[in-house]
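**Q** Letter by letter, the chains look like this.
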Amino acid sequence: MFLFDDVPIDFSPQPGLGAPVWRGRAADGDELKDFAAAVQQSGGRLAALWGSDRRQEGQGFQLDCVFGLDRGHAWLRLELPADDAVYPDLSAKFPAANRMQRAVYDLVGIRHTGSDQRPWLRHGGWPAGWFPLRHDAGAPPEHANLPSDYDFVKVGGEGAHEIPVGPIHAGIIEPGHFRFSVVGERVLRLEQRLGYQHKGVEQRCTGADIATGAKLVGRVSGDSTCAYAWAYAAAVEAACGVEPSPRALALRALILERERIANHLGDLGMLGNDAALAFGLAQFFRLKEDWVRMSAELFGHRFMMDSIVPGGVAHEPDARALAAMVEQCDAIGREVAELRAIYDAHAGLQDRFLTTGAIDAALAREFSLTGIAARATGVLLDGRAYRQGYTPPPPYAKLGVRPATDERGDVAARVAVRFDEVFESLRLLRELAVGLPAGELRREVAPVPYAEGLGVVEGWRGEVVVGVRLDAAGRIARLHPHDPSWQAWPALEHAVMQDIVPDFPLINKSFNLSYSGQDI
Amino acid sequence: MSVAGILGQLFALVLALLLAPLLTGWVNQCRAWLQNRSAPPLWQPYYTLHKLFNKDVVLADGASSLFRVAPFVVFGAMALACAIVPSLSTDLPFAPAADALALVGVFGLARLFISLAAMDVGTAFGSLGGRREMLVGFLAEPALLMVIFTVAMIANSTSVAAIVATLAHRDFVIYPSLAFAGVAFTMVSLAENARVPVDNPATHLELTMIHEAMILEYSGRHLALIEWAASLKLYAYSCLGLAFFFPWGIAERDNLLALAAAVPLLILKLAIGGFLLALIETVNAKMRIFRAPEFLGTAFMLAVLGLLVRLLLETRV
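So the protein lines, in turn, are chains A and B. Everything in the first sequence is counted per the working numbering, starting at 1 for the first residue and increasing by one. Everything in the second sequence is counted per the working numbering, starting at 1001 for the first residue and increasing by one.
Possibly wrong hints are sitting among the right ones.
To be verified - Each pair of labels, with its calculated beta carbon distance range:
1) A:290 with B:1065: 52 to 58 Å
2) A:155 with B:1248: 56 to 62 Å
3) A:350 with B:1002: 53 to 59 Å
To be verified - Some chain B residues well away from chain A (every beta-carbon gap over 10 Å; in silico):
4) 1034
5) 1050
6) 1073
7) 1102
8) 1125
9) 1155
10) 1202
11) 1261
12) 1264
13) 1293
14) 1313
Just so you know, the hints here were simulated from the structure itself, not pulled from any lab data. Virtual Cβ for every residue (Gly too), placed ideally from N, Cα, C.
Kindly produce the complete structure, drawing on both the sequences and the hints.
**A** Below you can see the structure in the form of structure tokens.
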């Protein structure tokens, strides 16, 4: 079937119980470009982009693009010749593509036609012209790892100057460099440089078996470990034709919602603290601590790592623990409601939150934003909820998730969306706990040679996408985990533009993006 | 100038040096309690000073001698300020020098040096902090002067010792002007001591810092002196506030018994003041930096109101 009438690319739906995905193949770069233009016309977004080297199998290189449409995801593939691997620049249509394209070149060595050819993930840790994800890359060559130059965009004019911040910060946070161009306290421009946490997860996954892959993907970004594990499991299940039982799917949703609440509680506390209201931090972290302890009791790990596995889930909470969980949901719901009343009534805090770091829905669409950041601008986009033409995957189809949106687009909106989502997720947890369907916990996943799959999960931060391709022996030939932070980091550069330097930490925290997830 | 006076003066200074970190520790402890956290020990500031004095100093490549001298100047200025403010007795050999205007000058000198030192190394944060400190300082100083004028008009003198003598040791009179001046003084003190809602002494967010941004490059004994000086500044401001608005209990000339009674009373008053500071810091969020001028402008207006009240209502023509 054609997803767009005027772009004749034949798509077929991916089988399985995961989020709806259509797979297709672009004949050439122009067709990819046409399709991207059609997606952008329809208000769609770029969801992921990665490259792979298939020369070992007698083919060339390959570019995989995932686009988000109203009805689901379109997974489009472009094959590139081994000797001239160049694909058209997508960043004119989707600005978020810029960094993904540069990362593709750094890792695989296939080039885009755009003008911005600066390295993104390569920080001088390996020489130019050596590409870690090529099959013949071998061990990294002897190379002096020196600080590399990077062309930040210069801002000139009377009184303009630069403030470089990071990658080492005064607090204990992940490393990233921020280059502010300012006049006085006003931010004229922010440019980020990330990639300091690059650890080569994709290369490490190559040749691993399915179980090892699950462990590795669950460690790409610790705060979203459950979302990654589910997306990976969904991709592998789609590839191998396995359908997890309704019980396993319900437990996965339970785990994912627990992860969402844990992160939202932490963020709400940190947002209070960044405005020097340490009271909020102490209260919310007390709640978060209770929460992750309950997670440990239910699933044997505070962050529930390795609980979701291909085929189902690894642990099952006993009935007593589930009853305790429902009780805790009630107690925490009451406390969060009280704290929300305090936050909402605190004039000083609201003065910091309101109008700070505002972005609008047009910018959210332009940058392909998903998750909290998008919903806080009024974009109704939640992979767990029904929308025009879209049916959420099980078990969310039955739960009837009410997505939280706010149209202001500022820090206050992102705070409000978090509060709303906490209450909604608490409701879902209660519903899931009392109505756990019967079924087996975990089904066997037998690897299918050369199979491929794509998994999409609405994590707490946004849409987590994982693409998997297996080799002849049923091991992982290529795995790409995609974090929603790829799209949100560039949007953050725009969010601070109207604001002042001392408000940046608050704006940054209101997005709370992953460094590790996008540095992979 | 008597021997007892000199001894009393020395005693007050030593007491200030010893008590100042304790006051900081007390404020931190109260704040932790109010936020449902378990508090650090009361002696934590002393442990920190001990640790810092035993550490090597690391100097930035571009640091000039100004950078090395500044901690000593700042510490000296704050110690002098503590000696000038009558905390225990008005019988101070420094009393003729204890002019409230000179005190503002001493604080200004310290500010000038720490800001210059911050800019000296040439890091972005140093300049950022120094710039913001000057913004806060140039708004806070006039407000502080107005407070001092209001109080000085009551005593007909800008000598702090004379002000205390007038307020505490004569017939008790209620001065409505002092209420305005007191609120203004509290606001100025919060700003000057880098406290919430103007600055956050506990933050790790380098882009939001004012005071902390200026001292990011300091280490070892230099940092220890600056931390100690910050404690002394809080102590000096507290004592100044007590001298202006709650002077009862400060000993008079040649009265050793009253001097002995003044010490526990001072500690009690500081403890209450410290608790109130922690309370203010707990219930407030930090304001946007461009709200600081409004905040200090309000303080200035209140101080001027106090002055007008004094001129129009309290002065017999």
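**Q** A separate judgement is required for each hint: does it hold in the structure or not?
**A** For each hint, the structure was consulted:
no. : hint                          : verdict
1   : A:290 with B:1065: 52 to 58 Å : holds, 54 Å
2   : A:155 with B:1248: 56 to 62 Å : holds, 59 Å
3   : A:350 with B:1002: 53 to 59 Å : holds, 58 Å
4   : 1034                          : violated, 8 Å
5   : 1050                          : holds, 23 Å
6   : 1073                          : holds, 25 Å
7   : 1102                          : holds, 33 Å
8   : 1125                          : violated, 8 Å
9   : 1155                          : holds, 36 Å
10  : 1202                          : violated, 7 Å
11  : 1261                          : holds, 37 Å
12  : 1264                          : holds, 31 Å
13  : 1293                          : holds, 12 Å
14  : 1313                          : holds, 32 Å
When each numbered hint is compared with the structure, violations occur for hints 4, 8, 10.
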